[in-house]
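J.: Single-letter residue listing:
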Amino acid sequence: MVLNTPLLGITVLIYLMTIFYLGWLGYKKTKAIDDYMVAGRNIHPYILALSYGATFISTSAIIGFGGAAGALGMGLLWLALMNIVVGIFIAFVIFGSRTRKMGKNLDAVTFPELLGRRFDSRFIQGFSGILIGIFMPLYTGIVLIGGARFVETTLGVDYNVALMMLTIIVAAYVITGGLIAVMYTDALQGTLMLVGMSFLLIFTYIKLGGIVEAHHALTEISYLVPESLAKGGHMGWTAMPAFGSPIWWNLISTLVLGVGIGVLAQPQLVVRFMTAKDDRALNRAVFVGGPFILLMTGVAFTVGALSNAYFFKEKGMISLAVAGGNTDLIIPEFINSAMPEMFVVLFMLVLLAAAMSTLSSQYHTMGTAIGHDFYRQYLKKGNISHTVDITKIGIALTILVSVVLAYILPISIIAPATAIFFGLCAAAFLPMYIGALFWKRMTKEGAIASMLVGTFSSLFWLAFVHAKEAASLGISQAIFGKDTLLTGTWTVIDPIMVATPVAIITGIAVSLFTRPMGREHLEKCFKNMK
Amino acid sequence: MSHANKCHIINEDINGDMNMLGINDPQIWLAYLLSIGSALGCIIYGLMHWNDTDPEEEN
Chain A
1 MVLNTPLLGI TVLIYLMTIF YLGWLGYKKT KAIDDYMVAG RNIHPYILAL SYGATFISTS
61 AIIGFGGAAG ALGMGLLWLA LMNIVVGIFI AFVIFGSRTR KMGKNLDAVT FPELLGRRFD
121 SRFIQGFSGI LIGIFMPLYT GIVLIGGARF VETTLGVDYN VALMMLTIIV AAYVITGGLI
181 AVMYTDALQG TLMLVGMSFL LIFTYIKLGG IVEAHHALTE ISYLVPESLA KGGHMGWTAM
241 PAFGSPIWWN LISTLVLGVG IGVLAQPQLV VRFMTAKDDR ALNRAVFVGG PFILLMTGVA
301 FTVGALSNAY FFKEKGMISL AVAGGNTDLI IPEFINSAMP EMFVVLFMLV LLAAAMSTLS
361 SQYHTMGTAI GHDFYRQYLK KGNISHTVDI TKIGIALTIL VSVVLAYILP ISIIAPATAI
421 FFGLCAAAFL PMYIGALFWK RMTKEGAIAS MLVGTFSSLF WLAFVHAKEA ASLGISQAIF
481 GKDTLLTGTW TVIDPIMVAT PVAIITGIAV SLFTRPMGRE HLEKCFKNMK
Chain B
1 MSHANKCHII NEDINGDMNM LGINDPQIWL AYLLSIGSAL GCIIYGLMHW NDTDPEEEN
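Protein chains in written order, with this note's numbering: chain A, 1 to 530; chain B, 1 to 59.
Bound-form chain A, shown alone (with noise of 0.2 Å):
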């Protein structure tokens, strides 16, 4: 997908220069530490929205879904629905009213921060803070790969070098400007999206001669599903696969509960909840958020399933086989042969900006966990001032890790970190974010316990039972000397339905067999709140 143009070279140019705008202008606005940390909790509703939008999409979730949409046909829907009602909705409304108002209750201006104060336990936000510092870095590193691969086949630069600019522009904005110009960034870019993925539907309906007409095509050339996927389950493009077959078991727990239910508990995605000024702000953010997602992850997999309908009326193959097996070229091989010159410049842009925003937010979150709660909360117990310097240490430190790591480890460990991420966020944060919001009578020692149980539980069933990662990772072989210790459907349940609800059963459990917290300190977590 070499697109060496002097338009695309002047595109990247101008967008670049407005990034590095965007960019001074936080550094000029961050003035003190909740401006540098939390947007000094006055951001506008439509930079909050595609801000949270923009971090929640990256790139691998238009090119990555959008092709896993392209072999398993448009059942992924259920998961655009899943990120809009659970995503935005549940998130904004029910959520991030609570999350703010709580933040501003206990002067919170991180995720394990406000975890940690609500349950008056710097263990908490210590631990929280070393396991998004630990794990995060591993997802970054994809996010980062993916960023400098792209950059390497569209601008033909060398992919060391790609990898050096995207780090190097992208750390420059957040270390200097904070959370004001990752959200900034991140609204220019959520916009460029929004005009990307919008125009990607209008034309691919255009060439396929309308809607009806389209879908009505891809139903037709159900029987060139290939033989292997239709052994697992599928059953064509615009069917679910088989109720209990493999692919129905990977779509609907890994896809729609994994991913959908996961990004509830996103560190980088919660701090956001925290920048809004008030709950007028958030309801504002809903308006543009619902539509944002249904034109990233609901465009994305209608187009890549269709993909197969403009193939196979192109070139009379099915987009898998255009795309030789590999799942992430499709989205990249559909653009290039189905739309204008003009719009494929566009959407290079629209997956840097993908890139950029969702690392640029991760840079952020993971410096603010090891900076300000792992170093400065919990190991020097909140003895030391310069929490911004500190911040920016930690960020660049652990861009610094996460380049490392994209360069040394094996794409093996590399691949499935997203999933591990998201399964730890279910598994360690959920059951606790929720206690903290909801319960009064969630304990300390509960929500420890929840967490502890959480992470681990996790991990091993990722480890050890979960086929995909625990190949993947080989450390089952290596102790056990076979892929996976269960067998059958086990291996395709995702950990977030075995995790998360043994976490949640050990805080509630723990939680009711100690003492509840004290009145005066849940007064002041749940002031102003119902």
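Keep in mind the hints are simulated off the structure, nothing from the lab. Treat each hint with caution, since some may be false.
Said to hold, decoys possible - Straight-line C-alpha distance at most 20 Å; calculated EDC-like pairs for lysine to aspartate or glutamate: (1) Lys277(A) with Asp54(B); (2) Lys527(A) with Asp52(B); (3) Lys313(A) with Glu333(A); (4) Lys31(A) with Asp54(B).
Place chain B on chain A using the hints.
T.: Then chain B, alone, in the frame of chain A:
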């Protein structure tokens, strides 16, 4: 939308299965329509609560 168009969007195939928007499997067209519906729901919610304030916080 004309009657002819409506018939085109919602059809019954030879087996009697309902066909919506060119898709036979209700599990798929339901997901398609619900995704759009939920995004519209977000828009409506946002508009309805555009100026909502929290009285407890205001105090």
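J.: The structure should be examined with respect to each hint, and the outcome stated for every one.
T.: These are the hints, each one checked on the structure:
Distance restraint check for Lys277(A) and Asp54(B): the Cα-Cα separation of roughly 12 Å lies within the 20 Å cut-off, and the hinted pair is therefore satisfied. Proposed proximity of Lys527(A) and Asp52(B) is supported: the alpha carbons are some 19 Å apart, at most 20 Å. The hinted pair formed by Lys313(A) and Glu333(A) meets the criterion: a straight-line CA distance of about 15 Å does not exceed 20 Å. Restraint check: the Cα-Cα separation between Lys31(A) and Asp54(B) comes to about 28 Å, which exceeds 20 Å; the hinted pair is violated.
Checked against the numbered hints listed earlier, the structure breaks hint 4 alone; every other hint is satisfied.
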